[in-house]
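A.B. asks: As a plain string of letters, each chain reads:
2 protein chains.
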Amino acid sequence: MSNRTEISSLGEFGLIEHLTKNIELHNASSILGVGDDAAVIDHFGKQTVLSSDLLVEGVHFDLTYTPLRHLGYKSITVNLSDVYAMNAQPTQVLLNLGISNRFSVEALDEFYEGVYAACNRYGVDLVGGDTTSSQKGFIISVTAIGEVTPDKYVKRSTAQKGDLLCVSGDLGGAYVGLLFLEREKKIFMESPGVQPDLEGESYVIGRMLKPEARKDIVDFFASSEIVPTSMMDISDGLSSEILHICKQSNLGCVLYEEKIPVHEEMKRAAFKFEIDPTACALSGGEDYELLFTIPQTEYDKLVLNEQISVVGYMTEPEQGAHIITKGGGRHAITAQGWNHLK
Amino acid sequence: MSNRTEISSLGEFGLIEHLTKNIELHNASSILGVGDDAAVIDHFGKQTVLSSDLLVEGVHFDLTYTPLRHLGYKSITVNLSDVYAMNAQPTQVLLNLGISNRFSVEALDEFYEGVYAACNRYGVDLVGGDTTSSQKGFIISVTAIGEVTPDKYVKRSTAQKGDLLCVSGDLGGAYVGLLFLEREKKIFMESPGVQPDLEGESYVIGRMLKPEARKDIVDFFASSEIVPTSMMDISDGLSSEILHICKQSNLGCVLYEEKIPVHEEMKRAAFKFEIDPTACALSGGEDYELLFTIPQTEYDKLVLNEQISVVGYMTEPEQGAHIITKGGGRHAITAQGWNHLK
Numbered sequence: 001m002s003n004r005t006e007i008s009s010l011g012e013f014g015l016i017e018h019l020t021k022n023i024e025l026h027n028a029s030s031i032l033g034v035g036d037d038a039a040v041i042d043h044f045g046k047q048t049v050l051s052s053d054l055l056v057e058g059v060h061f062d063l064t065y066t067p068l069r070h071l072g073y074k075s076i077t078v079n080l081s082d083v084y085a086m087n088a089q090p091t092q093v094l095l096n097l098g099i100s101n102r103f104s105v106e107a108l109d110e111f112y113e114g115v116y117a118a119c120n121r122y123g124v125d126l127v128g129g130d131t132t133s134s135q136k137g138f139i140i141s142v143t144a145i146g147e148v149t150p151d152k153y154v155k156r157s158t159a160q161k162g163d164l165l166c167v168s169g170d171l172g173g174a175y176v177g178l179l180f181l182e183r184e185k186k187i188f189m190e191s192p193g194v195q196p197d198l199e200g201e202s203y204v205i206g207r208m209l210k211p212e213a214r215k216d217i218v219d220f221f222a223s224s225e226i227v228p229t230s231m232m233d234i235s236d237g238l239s240s241e242i243l244h245i246c247k248q249s250n251l252g253c254v255l256y257e258e259k260i261p262v263h264e265e266m267k268r269a270a271f272k273f274e275i276d277p278t279a280c281a282l283s284g285g286e287d288y289e290l291l292f293t294i295p296q297t298e299y300d301k302l303v304l305n306e307q308i309s310v311v312g313y314m315t316e317p318e319q320g321a322h323i324i325t326k327g328g329g330r331h332a333i334t335a336q337g338w339n340h341l342k
Numbered sequence: 001m002s003n004r005t006e007i008s009s010l011g012e013f014g015l016i017e018h019l020t021k022n023i024e025l026h027n028a029s030s031i032l033g034v035g036d037d038a039a040v041i042d043h044f045g046k047q048t049v050l051s052s053d054l055l056v057e058g059v060h061f062d063l064t065y066t067p068l069r070h071l072g073y074k075s076i077t078v079n080l081s082d083v084y085a086m087n088a089q090p091t092q093v094l095l096n097l098g099i100s101n102r103f104s105v106e107a108l109d110e111f112y113e114g115v116y117a118a119c120n121r122y123g124v125d126l127v128g129g130d131t132t133s134s135q136k137g138f139i140i141s142v143t144a145i146g147e148v149t150p151d152k153y154v155k156r157s158t159a160q161k162g163d164l165l166c167v168s169g170d171l172g173g174a175y176v177g178l179l180f181l182e183r184e185k186k187i188f189m190e191s192p193g194v195q196p197d198l199e200g201e202s203y204v205i206g207r208m209l210k211p212e213a214r215k216d217i218v219d220f221f222a223s224s225e226i227v228p229t230s231m232m233d234i235s236d237g238l239s240s241e242i243l244h245i246c247k248q249s250n251l252g253c254v255l256y257e258e259k260i261p262v263h264e265e266m267k268r269a270a271f272k273f274e275i276d277p278t279a280c281a282l283s284g285g286e287d288y289e290l291l292f293t294i295p296q297t298e299y300d301k302l303v304l305n306e307q308i309s310v311v312g313y314m315t316e317p318e319q320g321a322h323i324i325t326k327g328g329g330r331h332a333i334t335a336q337g338w339n340h341l342k
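Line order of the protein sequences matches chains A and B. The numbers in my numbering rise by one with no breaks, and the one at position 32 of the first sequence is 32. The numbers in my numbering rise by one with no breaks, and the one at position 322 of the second sequence is 322.
This is chain A alone, in the form it adopts within the complex (with noise of 0.2 Å):
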């Protein structure tokens, strides 16, 4: 960047008049926007469904390695996905900052890109938020509202005895581009003049930088008038969140691990770590895939999406949670997702 502007220059209001200018509203329940002491959204006998996050430098990303633009996006895409794991569409969102004065207005710009970008691409309106200085680190907090017809929206604690367990896309492909990215940053800091190498890495690196939410599987869902019996998404590994459909569930289930969809690249790019692309499927955490169950009877509504893969069933309670391992092998399935407050 060749021009630095000092935030400060702009003030507190000045700056949210920047930042957000150039909104334009994309749903017709967006009464009030930015600009007053909270947004009015409207509802048209719909059910509103509403997440929230906070993601803390040091802790949830690093700016060493993650672009701002990337930053911006990932930010509103996680807070999406937690939407769409309710079976609604997103319709609004609230953004509230804190910023260190290291950062220049044309760094926020370059962050707020990436929010209008994954605004516009899933069809949200941000709507309001605040935006303060903090004394160290970039500091989000997004809260996400979304819309859901009357008691369609999907909680994960009624999956049934038998119903087939399911996931979207391909997991564990965030993590191993997490450890490309620490191993660069780690080789620079050591020696800052050596060139990142991350070459052939594009895929599993997208995912780790820039995930998407899976608005296409909830869509398919309402088309194929499929209601999953329970979900969630995948944001700290799937062992994890396999584990919280099954208690809060109060059912056990067996998991295939031949059936657990990795993407090649993912494969190939775990053996350089020597670990096994199995382990970051179960473990690893951030892919923001869909993780449902539904009734054995709508199989064959499900069965031709190439996004969609059968991975398990559920079971009685006292059958606990287990994984079949492709030799063979039965094994309880532990919770090794992320603790951040580990």
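Worth flagging that the hints you see were computed from the coordinates, not collected in a lab. A hint or two may mislead.
Note: identical chains are not told apart, hence a pair may lie in one copy or across any two.
Taking lysine-lysine and the PhoX-like style, the derived pairs with C-alpha atoms no more than 25 Å apart in a straight line are [claimed, not checked]:
1) Lys-185 with Lys-136
2) Lys-21 with Lys-186
3) Lys-247 with Lys-21
4) Lys-259 with Lys-185
5) Lys-186 with Lys-326
6) Lys-136 with Lys-247
7) Lys-152 with Lys-46
8) Lys-161 with Lys-186
9) Lys-210 with Lys-326
With chain A held as given, fit chain B onto it using these hints.
C.D. replies: Just chain B, lined up with the frame of chain A:
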């Protein structure tokens, strides 16, 4: 606190379960609360009002003199204040926390006691949010949701020429309370053995540490069939907020210094610091009173409400925004409210 339980001993999900296990939902609209990807809210034909804030340790609060219980209470009330400022009734809140490892579970429990006290006092439901770690400092992000009869919400931009300019309660107290707290902190830092001398200042200190949102005023509007023509809450000081109303409504105004409501204890306290009580009311922040305009024809409806003061009236934009001092002087109003970005 005699016990200290490390947060890591509970894990992220254990912690959320611990902090939210006693939630009782107050609103029929709160269909699904904490524990899923998102909360679900029904609307019964009403419109939704949404507001979100970010509070950062060292910027918005100082834990050396802010009890965690009060901080929890205030985190909620300042957001509810934004919802009331839309002439709406808050119904739900989402709470995101970023916590460093210097916090114990007991400390968080204290914070949540305040959160729940505010939720109970105002009849709102905590329906979701995110708890994560922070590298440094305590981070709080609250999103408040409210409801309003369609088109009864009140914006900042719709004041009319000739309207009366009104404020609730009294102003400047929170700022003077902050001065006392900062003074005692300084003395304590220099001589840790000295006990804080805050006796007799409980009014202004309470205004700072445990502000209330003006639900009573919004309820009064409903029962008196008053719909203000414009409204906002006073978080940055009266002068800054008046300029917002003027700018967004494209009007000027006249404000009478002698009409600005100040509490006797605030005046006495301000004089101890040798500062002008009017300056505290104009430029001090965090009073969370309501600033609103009503047509002159509505004056009879609010004249008997002692919690409301008429402080001026709206004029043509060409006349600018002016204050008439007690001595009869006429000065342009300038924004000297808080600017967290400076």
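A.B. asks: With reference to the structure, classify each hint as holding or not holding.
C.D. replies: Consistency of the hints with the structure:
1. Lys-185 with Lys-136: both (21 Å within a copy, 22 Å between copies)
2. Lys-21 with Lys-186: Neither: 39 Å inside a copy, 42 Å across copies.
3. Lys-247 with Lys-21: between (46 Å within a copy, 16 Å between copies)
4. Lys-259 with Lys-185: The answer is neither: 34 Å in one copy and 61 Å across copies each exceed 25 Å.
5. Lys-186 with Lys-326: Neither way: Lys-186 and Lys-326 sit 35 Å apart in one copy and 66 Å across, limit 25 Å.
6. Lys-136 with Lys-247: neither (38 Å within a copy, 33 Å between copies)
7. Lys-152 with Lys-46: both (10 Å within a copy, 20 Å between copies)
8. Lys-161 with Lys-186: neither (47 Å within a copy, 63 Å between copies)
9. Lys-210 with Lys-326: neither (31 Å within a copy, 60 Å between copies)
Of the numbered hints given earlier, the model fails hints 2, 4, 5, 6, 8, 9; all others are met.
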